[in-house]
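4 protein chains.
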Amino acid sequence: MNRKLRMGMVGGGREAFIGAVHRMAAGLDGLIELSAGAFSSDPQKSQNSGKDLFLPAERVYDNYRELFEKERVRPDRMDFVSIVTPNHTHFDIAMAALDAGFPVMCEKPMTFNLEQAQMLRDKVSKSGLLFGLTHNYTGYPMVKEARALVASNSFGKIRKVVVEYPQGWLSTPLETSGQKQASWRTDPGRAGASCCVGDIGTHAANLAEYITGSTIESVCADVTAFVPNRQLDDDANVLLRFANGAHGVLHASQICVDEENGLNIRVYGEHGGLWWRQEEPNSLHLRWADRPRETLRTGANYTHLSEAARAATRLPAGHPEGFIEAFANLYRNYARTLMAQLEGKTPSTLETDFPGVQAGVRGMAFIQSVIRSSDSDRKWTDVPHSGSETRSEQ
Amino acid sequence: MNRKLRMGMVGGGREAFIGAVHRMAAGLDGLIELSAGAFSSDPQKSQNSGKDLFLPAERVYDNYRELFEKERVRPDRMDFVSIVTPNHTHFDIAMAALDAGFPVMCEKPMTFNLEQAQMLRDKVSKSGLLFGLTHNYTGYPMVKEARALVASNSFGKIRKVVVEYPQGWLSTPLETSGQKQASWRTDPGRAGASCCVGDIGTHAANLAEYITGSTIESVCADVTAFVPNRQLDDDANVLLRFANGAHGVLHASQICVDEENGLNIRVYGEHGGLWWRQEEPNSLHLRWADRPRETLRTGANYTHLSEAARAATRLPAGHPEGFIEAFANLYRNYARTLMAQLEGKTPSTLETDFPGVQAGVRGMAFIQSVIRSSDSDRKWTDVPHSGSETRSEQ
Amino acid sequence: MNRKLRMGMVGGGREAFIGAVHRMAAGLDGLIELSAGAFSSDPQKSQNSGKDLFLPAERVYDNYRELFEKERVRPDRMDFVSIVTPNHTHFDIAMAALDAGFPVMCEKPMTFNLEQAQMLRDKVSKSGLLFGLTHNYTGYPMVKEARALVASNSFGKIRKVVVEYPQGWLSTPLETSGQKQASWRTDPGRAGASCCVGDIGTHAANLAEYITGSTIESVCADVTAFVPNRQLDDDANVLLRFANGAHGVLHASQICVDEENGLNIRVYGEHGGLWWRQEEPNSLHLRWADRPRETLRTGANYTHLSEAARAATRLPAGHPEGFIEAFANLYRNYARTLMAQLEGKTPSTLETDFPGVQAGVRGMAFIQSVIRSSDSDRKWTDVPHSGSETRSEQ
Amino acid sequence: MNRKLRMGMVGGGREAFIGAVHRMAAGLDGLIELSAGAFSSDPQKSQNSGKDLFLPAERVYDNYRELFEKERVRPDRMDFVSIVTPNHTHFDIAMAALDAGFPVMCEKPMTFNLEQAQMLRDKVSKSGLLFGLTHNYTGYPMVKEARALVASNSFGKIRKVVVEYPQGWLSTPLETSGQKQASWRTDPGRAGASCCVGDIGTHAANLAEYITGSTIESVCADVTAFVPNRQLDDDANVLLRFANGAHGVLHASQICVDEENGLNIRVYGEHGGLWWRQEEPNSLHLRWADRPRETLRTGANYTHLSEAARAATRLPAGHPEGFIEAFANLYRNYARTLMAQLEGKTPSTLETDFPGVQAGVRGMAFIQSVIRSSDSDRKWTDVPHSGSETRSEQ
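As they're listed, the protein sequences go chains P, Z, D and W.
Take the first sequence: its position 49, counted from the start at 1, is 49 in the working numbering, and no numbers get skipped.
Every position in the second sequence, counted from 1, becomes a number in the working numbering once 394 is added.
Every position in the third sequence, counted from 1, becomes a number in the working numbering once 788 is added.
Every position in the fourth sequence, counted from 1, becomes a number in the working numbering once 1182 is added.
Only chain P is shown next, with the shape it has when bound in the complex (with noise of 0.2 Å):
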């Protein structure tokens, strides 16, 4: 093709913490632009996150259904949709979007029960649009490579999977203090059957099916709402054995205290096994019967990795951890100084925090001096007064 795919989206307005991960994901790579938007079902809250991301208002719509209706009929019509609303709306939405012929991603869980999950299952086959799922774990390198290897039989038969998602944020009964995020998420109404098992429980069970290769066939759960009148549960222990043999262990937790997003996984062969933490995701721990340990690294080259692992890595190694992300810290304070200067405003001393051209003369005084003292015969060399390190002197 010779122009990005043009995507709209449903939901991620204003405060939506995932909507801003799907957009900013999106385009990365420099193959999709976000074109349309019905993001709140305020219409007004829709229109202002519209112009937050530079959209022109008629792109801009009040609820999903016009969002459709109107796109449709565009020549430079929208390419597909992403839905990043609550769980309970998901299955609405996807729906109206293949009948009026818009491939779909969606965030998960899918939908908001097992017979919705068929039934949206029977929809996508009928009409042939292409549907994807942010199941985003898989999306790490050493994700890849962990399922790479066990694919390869690098451990020989699979014995054993621990796999553990503990979070901590859901320890007091946030949802009473009307905290959005806590308030869908454990309302019945709105997030299903489940809290901890529906939202973190479905990526760790995810993630094990991911890297063996195989399936869960039975479960034995101790499912529980710690926190006093909660409605979901909050906590789920669970057994688990795969249809490849391999017996397990999942559990999930909310009420974890201080937890982040602890999610990771072991998987035990025959011959060997593997350990990956997504805290830490850039890093693949191998166990073997009759070697040393060993430790893969995202963007390595002293090894073979897999394809797969191959193409999801951007950088080298050593580089990639949020990287991206501080390096466009730099840009973003740059950008919002020269639109404040363009503007004949003032930027903020937060704004204005990004190394400037004094920071460069500073560099170069030192790899002079360091280079004077070493040739010197080594000895000891004032560095030129050049200014104090402050940041975007200009």
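Every clue listed holds true.
List time: in silico DSSO-like cross-link candidates among lysine-lysine, alpha-carbon distance up to 27 Å: (1) K833/D <-> K1186/W; (2) K4/P <-> K445/Z; (3) K4/P <-> K464/Z; (4) K398/Z <-> K4/P; (5) K1186/W <-> K858/D; (6) K345/P <-> K517/Z; (7) K464/Z <-> K398/Z; (8) K1252/W <-> K792/D; (9) K839/D <-> K1186/W; (10) K773/Z <-> K1561/W; (11) K439/Z <-> K4/P; (12) K1233/W <-> K792/D; (13) K858/D <-> K914/D; (14) K4/P <-> K739/Z; (15) K1527/W <-> K914/D; (16) K968/D <-> K839/D; (17) K1133/D <-> K839/D; (18) K1167/D <-> K379/P; (19) K1227/W <-> K1252/W; (20) K1133/D <-> K1186/W; (21) K51/P <-> K398/Z; (22) K1233/W <-> K1186/W; (23) K520/Z <-> K345/P; (24) K45/P <-> K398/Z; (25) K1227/W <-> K792/D; (26) K739/Z <-> K123/P; (27) K1133/D <-> K1305/W; (28) K1133/D <-> K1308/W; (29) K911/D <-> K1527/W; (30) K1362/W <-> K1233/W; (31) K1186/W <-> K792/D; (32) K792/D <-> K1527/W.
So the derived label-pair ranges between C-beta atoms look like this: (33) D52/P <-> G550/Z: 40 to 46 Å; (34) K439/Z <-> K180/P: 48 to 54 Å; (35) F1199/W <-> D771/Z: 53 to 59 Å; (36) M395/Z <-> G101/P: 33 to 39 Å; (37) L736/Z <-> H304/P: 30 to 36 Å; (38) S376/P <-> G550/Z: 31 to 37 Å; (39) E409/Z <-> A243/P: 39 to 45 Å; (40) G550/Z <-> T1134/D: 55 to 61 Å.
No lab work stands behind these hints: they were computed from the structure.
Built from N, CA and C at the ideal position, the CB exists for glycine as well.
Given the structure of chain P, go ahead and fit chains Z, D and W onto it with the hints provided.
Chains Z, D and W only, in chain P's frame:
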């Protein structure tokens, strides 16, 4: 402003690493769009690169002079230019950009030598145009938190600083193989007075000055080229003295085998200290004389992180490390598969590697089974068969 | 008392692992000396083992019955007996010891089955003799600190416990090779009802009960023998419910390839939680709802560690992990070299591997040179040549 | 030999830290028994210390001269003497011991200055008596493995060495509080030319020379006393050049707040490198140019560890770190409780903190329940009530 900023780029054609990083970083927050570029000194390569980026041919130029000349007279002219070429060309391009009235974002090191750096500083000063330098490691939230903690005197007077930047990629004479990065970085004619100190030693020095809020006043250096026949240094050990009275050690190396991008810093004051390392950027480790060790985490809300750290954070705690990139992998594969479909082509198995509707059905089946097991006296319960977990089965 | 306690031992002959540990542990604090023993069911092996331990032949016995019979009538009779034989013999030996009037220290598991355990409990109760069981993992200072923190309600009501004990040494049918440990541990006639649960699952359960101060009330278990033809289990996944209302997961395994001795526990309460793992025993990681993560360290003096933790600590912070053993390696080699000299033999190069006087000269030369360099304006200074650093050059 | 070696000790009275370590280390392997001592320059304190150690009064002496004089004529005279006094006294005591014909094991630094060191070396040489120096960090198995790997040229020619020894205990003017260790170590009259370099810098230098098998040829040092009014240094940053051509950095400090005993070393050669740190002594991290990172572990049997490393290892993999000490805590408490019982006293609750017969019953109950659950279709099963898990309930 009611539109995104328009960015032009010099350098960053096909195969360039850092140019792609600049583009991803620039686009991440939806404030900047790439509008023009001279991506290579080879006009054909520049055109091809522009096509990859979906730019109209008329805004892809043969060289930076043409870029500045033609863009300056367009009504939709670029708002600023990003310079991502090898070191020795930064000065000329930046001077020309400023002469043409364009604000500049420049890769580091800023220039070839100190003299050029000082000339450029004077030019920026006279022009009044915004200038940014991508000392990107200062963009991390926990680096900003570290700086804020030192500035607020949390540790008392700073006594000792240890900053390290070990890499291993130049352990062998890679430049003799024709590898592009190695070739120009070890060439005195293109890299300047130093390879290791110029490329990464400056990052370490910049980080130390940024966090301590002080400046390095004198150095004693032992700089070496370990690889036979290498013309520039690949290792540097440096003793430091800071303006604030602190003493320190800086060592940087490109011959520390298998070290990836191990930038890290320790700062010790009278009452406490800190440790941060780039490969685990979301943790800031604190040491105290009178209480247990603490670990601050990006996005944490149990404590009052500094305004600067919070402003640099996009995601809740536990998510940031490469999370967006992993998420983007799903979108990229979805986009490529959709593009293939729209063009009547068959997507590759790498491209169809994203979860689809089947994964959604499995997720709902898993939730239902877990809840059923727990509700039925925590008995073993079969998970309804719902197909394999394979990718994007449609 | 004005003398050390005299310990007898049953089991622990040549090649036995745990017997040697018991002797080193018993002797560490200078309170106990080994005085007698029946070290093997093979009388000759018992005598040889006694000789290795420098015991007089008259106090090395052919079997435990002789040990108890003859020791009870000596004026310098042993004060207690340590039982370090395979599981199935503990009961008979302990009963006989108590009958003979000797206090007992016993390896775990205490007996072959629950019935025996209850009989032994009654016997101990009637005899009034001191009985100890080496659930050694509760001996770590930070385990005691963990218990104290839970007991003082630092975390509020305990909600969730995850305790793991992965090992990998039985991943293969090691018992078929005749390896002694593997043979009796997988033999129902000698190990009892279980291999994995009995050997290490009990340690995990004991640790969980010790730290939480509560008891496990019910379990749901999936216990497996993964290695073909193995008669007892080598893996166990267990859901737990505690008397205090906490829910939990316990998994133990001997088929987790290359896991060494990975006992670890996490405990989460309403306001905080803890994490401890045996392979890094001097750190206790704390999690809090309202302040940064903390790490408590054995021997730390920045905080008021519990009396129990302090009483269990011999060394200042940072020293304990294997420090005494490393130190002992010097003494052992020194002793062996000296013994060889006294006997007119030539010590081996392994035995002479300890620093000698030359190392002392080098140390002083280093100090002098460093101080001279710093005093002479921090100039480069040669270190006086003083021979190589080789070991125990005499 | 058919008996243990008899050790005398000079220094190491009550409250001394390192003397107790020497005794525990000396006794660990059952080769050495403490037989005599002059434990303090205060005769009464020497006697009291001897009593604590269960020595007969006649072999506890008032000073080292008396010790040497009287022991030399006993038929059961001590075989060697361990010197654990402050630095400035080592020389005189060691000379006197050698004059009296006793082999010596000496705490480091060996003497007060280089001149004394050289005199002592000559004396040792003439006497033909065995001399040991407790550079204890070279006693770790993984340090020996590291040395063996360098010696076997696994990494190629060594290029760079970074060795660090950060501590924090002298961050404040502790010596003004009368703390004994701080007082003499910062006193030029007792410690020698240096505090930080002499106390810990030498350990770092010794470790670097031991592992590389090379010697430090020249240094450039920045040595500082950061704490006001301190007479000796508390921090040192040193550039190094080795005889084998390697360059290096050594920094040691006693003002790095909350650093405990952070000795660590990195060594990089042409093809690979290693990293070891004392606070996690059982792991040796290897880096390779052509294969994944590896971690060697003390006691591992998946690989052929060097003979020296294996000879320095007492326990299987995963056990060594402080395991013996934790185990010893059970024995110590058991011994103290038994001693109290034998003397008709009531042991304290700290002393009775060890598992007893009740713990054994609970263990068997746990095993039985787990196996029953699994055998009965993996159903929930109650654990028979068997009392609390409290300690040493008799």
